[in-house]
Every structure is written in C-alpha cells, then in structure tokens.
Amino acid sequence: MNRMSDEGGIYKKMATYDKRWVYLALFAIVLYSLIRPIGMPIGISAQTKAYKTELDTLQEGDLVFSTWNMEFSGYMELKPGVLATHKIFIEKGVKLCIAFGHFEGVALPPEIFKQLKKWTDDYDYTEGEDYVIIGYVFPNEAAVAALAQDFHANVRVDWKGQSIEGTFLDEIQNAGDFDMISDYTTGLATTNLINHVVLQYGVPMVVNSIGVSVPGHLANLDAGLITALLASTRGGAELEFLINSPGPGLKSMDAFTFGHYSLIIFIIIGNIGHYGWTRRSGARERTGIR
Amino acid sequence: MNEFLSFAAVVVGIFISFAMYTTLYGRPNPLRSWAEFSYLGAGTGVSVVIGLTYIWNTAVLGIQAGDWILIFSIILGLMMLFRVHPTYGYISRLPLAFTVGTGLALSLRTQIFTSFIRQINATIVKLWTNVPLDFLYRVTIAVSVLTILTFFLYTMELSGPLFWTSRVGEYLMYIGFGAIFAQTFMGRLGLFIGYMESLTTPTWKTPYTVGSALICLIAAILFERTGLGEKLSAG
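Which chain is which? The protein sequence lines are A and B, in order.
Quick note: the first sequence, position 250, residue 250 per our numbering, numbers continuous.
Quick note: the second sequence, position 189, residue 189 per our numbering, numbers continuous.
If you are wondering where the hints come from, they were derived from the structure by calculation, not from laboratory data.
Values in this document were obtained by computation on a predicted structure and should not be read as measured data.
Cβ coordinates follow ideal geometry from the N, Cα and C atoms, glycine included.
Check each hint, because a few of them may be wrong.
As the list claims (entries may be wrong) - Rough simulated footprint, nothing fancy, chain A against chain B, three-plus residues with beta-carbon under 8 Å:
1) 46-58
2) 74-87
Said to hold, decoys possible - Per the computed footprint, the stretches of chain A lying under chain B, defined by three or more beta-carbons under 8 Å from a beta-carbon of chain B, are:
3) 102-114
4) 132-139
5) 172-181
6) 237-244
7) 271-280
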C-alpha cells in the first residue's frame with residue numbers, strides 16, 4: 001500500500017474536513033446573497049395557494065385571533081409569512097386580536113407594526129379600533145383552555161394594561177366567536193389551540209410554521225385539524241409573490257438557494273471522501289472515525 | 001438622543017450577535033461568554049417581569065373583579081416557592097401535583113382525538129380518485145403505513161413476505177427521516193437567513209454587520225492562538 005493511501009490523502013481530507021469551513025462558507029454565501037441578490041425565480045406551491053385561498057374567505061369586520069406563538073428567533077424565520085399575512089388582514093379590514101405564546105413576544109409588535117406602517121396608514125388601521133394586542137396569555141395548556149371557554153374572565157386588559165372594554169372584543173364570549181385563528185408557530189401553544197379551540201368550537205385555523213415543525217403540521221393538515229399551512233420562510237416568500245408585495249422573504253430566496261447548494265456540495269465532498277478513504281486504506285476501522 | 005440610542009442598540013445588537021456566533025469556532029472565548037451571559041441575564045429579567053405582569057393581569061385583576069376563587073391560585077403559586085427551602089420543600093409538592101394533574105387531565109381529554117383518532121381517520125381514505133396525483137399520494141400513504149407497521153412486528157419472526165415488507169418499510173422510514181432532516185436544515189437556514197436579512201436591512205447596517213463579523217472572527221482566532229480564550233472566558 002502506498003504512502004498516500006496509508007495516510008488517507010485527499011480522501012481523508014475530504015472526509016474529515018473541519019466543520020468550521022462549512023459555517024464560514026455558509027456565512028459568506030448568505031451574507032453575499034443578501035447584499036447582492038440576483039432574484040432567482042421561485043415556484044408557488046399548491047400549499048401556499050391554498051393558504052391564500054383560505055385567507056381570501058375572510059370578510060371585512062371578521063374577527064381573527066392572531067396567535068404569535070414564537071420567540072424572537074422564530075420570528076426571524078416566520079417574518080415573511082407574518083408580514084404578508086397581516087398585510088392581507090389589514091387590506092381586508094378584519095379585526096385582529098393578537099396574543100403571544102412566549103414572553104419574548106412583547107418585543108414583536110413594535111418591530112412588526114413598524115414594517116406594516118405603510119399599510120396601517122393607508123387603510124387607517126388603528127390599535128384599539130381595528131386590532132387589540134392582549135399580550136402574553138398562553139403560559140400553558142390550562143391557560144389556553146380557560147381563555148377558550150371564557151375569554152373575558154381571563155383577559156381584562158391589553159398588553160399595555162388598558163381595559164379592553166368598549167373594543168370589538170366585547171363581541172367575544174368564548175373562542176367560538178372568532179372567525180379564524182391565524183397561528184405563527186415555533187411549536188408553543190399551537191397544539192393547545194388545536195385541542196381547545198379547533199376541536200371544541202370548530203374554528204378554522206391556518207398555521208405559519210417554522211421548517212422543523214412542518215412535517216408534524218402536514219399530518220394535522222391531512223387530518224383536517226388545520227385548514228391551511230404556510231411553510232417557513234419559503235412559504236412566506238411565495239405568499240409575498242402571490243400578493244405582489246415583495247419583502248424579506250423574496251429577498252432571502254437567493255440566500256436560501258445558494259445555502260442549500262453549498263450544503264449539498266459539502267455532503268457530496270464528505271461522501272466521496274468517506275468512500276474513497278475507507279475503500280483505499282481501511283483507515284476507518286483503524287482510526288475509529290465514522 | 002433617542003435616535004442615537006436606537007442606533008447604538010442596533011450596533012451593539014449586531015456585535016453581540018456575532019460574539020454569540022463565535023461559539024461555532026469551537027473554542028472558549030470571552031466574547032462568547034459576555035454575549036451568552038448578557039442574553040441569559042436580559043432574558044431572565046424580561047421573563048420575570050412578563051410573568052409577574054401575567055399574574056397581575058389574570059389573577060389580581062380577576063380578584064378585584066370579584067373572581068375570589070383566584071386567591072387559591074395565588075396561594076398555590078406561593079406554595080411553589082417553598083421548593084427552594086431545605087426544610088419545607090415538601091410543601092411545593094401540592095401545587096406541583098395540582099398543576100400536573102390538571103395539565104394531564106386537560107391534555108388527555110383532547111389528545112386522544114388530535115393525536116390518534118383524527119390521524120387514523122386521515123390515513124384511512126378512499127384510494128381511488130380522479131386526480132392522478134392524489135391517487136399516487138394516497139397509495140403511497142397506504143403502502144407506507146402497512147409496510148412500516150410490519151417493521152415494528154417484534155413478537156414474531158419476520159420471514160417470507162413479511163421480511164420483504166418490513167425491509168420496504170425500513171427504507172420508507174429512511175426516506176421519511178431524510179425528508180425531516182432536509183426540512184430541519186431548511187428551517188435552521190431560514191432562521192439564520194432571516195436574522196442576517198434583518199442585519200442587512202436597511203443597507204446602512206451592512207458595514208456594521210460585516211465589520212462585526214470580521215472583528216469577532218479575528219478575535220476568536222487570536223484568543224485561541226494566544227491561549228487567552230480559555231483563561232478569560234467563564235464556563
């Protein structure tokens with residue numbers, strides 16, 4: 001056996017490259033694609049079209065329970081879907097009751113409504129009259145169940161401590177009075193909402209989920225527990241395209257594409273190296289590296 | 001003044017983010033420790049304030065409105081604090097038992113429908129449909145369910161047709177796991193790209209983002225090379 005195969009040579013380098021190169025490459029590719037996007041075309045999935053169709057069933061004045069079941073980090077992934085969906089809500093003139101499922105939710109309204117300012121100004125969409133933020137109300141399943149049964153016994157003030165009396169929320173007695181639940185989720189109280197609102201009161205629920213939870217929510221979609229699903233940033237970008245309002249989703253699609261390509265290249269390099277190295281020298285057995 | 005504070009918050013936020021990312025370098029360094037403990041401290045502070053606000057809004061305001069039964073929830077909550085007391089720690093078991101019992105009862109009542117009955121119902125569907133793609137989809141579900149179930153037959157020897165169906169089931173599971181891994185990577189990348197997008201929009205942030213990334217990378221390398229990283233970082 002020659003020296004190269006003993007040491008593993010190029011194959012060993014390919015199989016055991018430092019994972020920090022992967023991080024560095026991803027950083028560089030993502031950053032560059034965001035700074036200099038080339039606008040690669042994207043296709044629109046049937047799932048996103050169904051989500052848009054579901055939102056189109058809403059009429060002016062309908063009551064939507066917008067549940068922000070996400071931490072600030074999760075919002076970074078769901079941002080395109082959150083913004084695009086709320087643009088639709090504002091344009092349609094639906095009444096929004098916004099709740100958080102995580103204490104970090106309190107950081108979200110200023111961030112989100114700053115980006116929706118053009119829409120809230122154009123449609124004269126104001127807090128208190130058209131939307132009410134009831135704040136962090138879902139610490140656990142019991143809280144969701146209680147709120148679903150008797151809304152006003154559990155929510156008396158909004159997130160700023162002002163009474164919700166006299167707002168459109170007076171019409172709500174229990175969760176069954178909502179026309180739709182629009183959930184943005186990293187997996188916090190979503191199951192509880194399905195259990196205690198969808199199952200109990202039959203309120204249709206649309207979900208914008210982070211990528212990790214999409215397979216689980218696809219099962220819920222098939223089972224009819226949720227009526228539509230918007231998948232991760234990609235879904236948000238598709239929705240932006242459908243409503244003709246480019247935003248952070250479409251801007252980040254190049255980074256998405258090139259990020260995936262880079263990972264595929266790293267996987268191919270690793271696999272070629274692994275097979276080449278093990279076949280040539282049997283080093284895998286000797287070194288114990290698998 | 002306010003504008004300067006907003007600007008400073010953004011710039012510090014960008015820098016602290018990249019300081020946190022230096023954890024990917026795989027060696028301890030004080031920048032990462034600083035970022036990590038700042039985040040933990042701030043996060044804990046915010047969670048305490050929000051938690052207390054929640055108690056005020058739901059329990060205290062409820063009691064003021066005449067919902068006296070909520071007094072018991074406050075008492076149970078206070079009993080939970082005995083958890084840290086070395087002698088009277090056992091008192092916290094009562095509210096814990098109450099919480100676990102309530103949670104389980106609420107959950108079991110509905111989980112049977114969402115996780116079992118409705119999922120099984122969704123699996124048992126008519127195979128034939130006029131839409132070819134739907135037909136393919138339903139056949140795939142039926143074949144996958146049946147073959148994967150045979151893989152989990154542990155009480156009998158898998159031989160003959162059962163051996164082959166279990167093998168098919170095994171490979172179908174691999175495909176499923178692969179799809180879940182891909183979805184997970186897409187999700188994590190989406191999270192990262194979403195954050196990077198917010199660090200490069202509006203464009204005036206870009207120089208600070210690139211600068212912070214370079215400074216933190218160079219600092220991480222220097223801390224490793226000089227051996228100071230281990231010495232100066234906590235944990």
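Evaluated hints:
1. Counting residues of the region 46-58 of chain B whose beta carbon lies closer than 8 Å to any beta carbon of chain A gives 8, which meets the minimum of three for the stated coverage.
2. Chain A is given as covering the region 74-87 of chain B, and this is violated because 0 residues of the stretch bring a CB closer than 8 Å to a CB of that chain, at least three being needed.
3. Restraint check on the region 102-114 of chain A versus chain B: 3 residues with Cβ-Cβ distances below 8 Å, three needed, restraint holds.
4. For the region 132-139 of chain A, the proposed coverage by chain B is satisfied: 4 residues have a C-beta within less than 8 Å of a C-beta in that chain, meeting the threshold of three.
5. Counting residues of the region 172-181 of chain A whose CB falls under 8 Å from any CB of chain B gives 0; the rule of at least 3 is not met.
6. Residues of the region 237-244 of chain A with a Cβ under 8 Å from some Cβ of chain B number 0, which does not satisfy the need for three, so the listed coverage is violated.
7. Taking a C-beta to C-beta cut-off of 8 Å, the region 271-280 of chain A contributes 0 residues in contact with chain B, too few for the three needed, and the coverage statement is violated.
The structure is inconsistent with the numbered hints 2, 5, 6, 7, although it conforms to all the rest.
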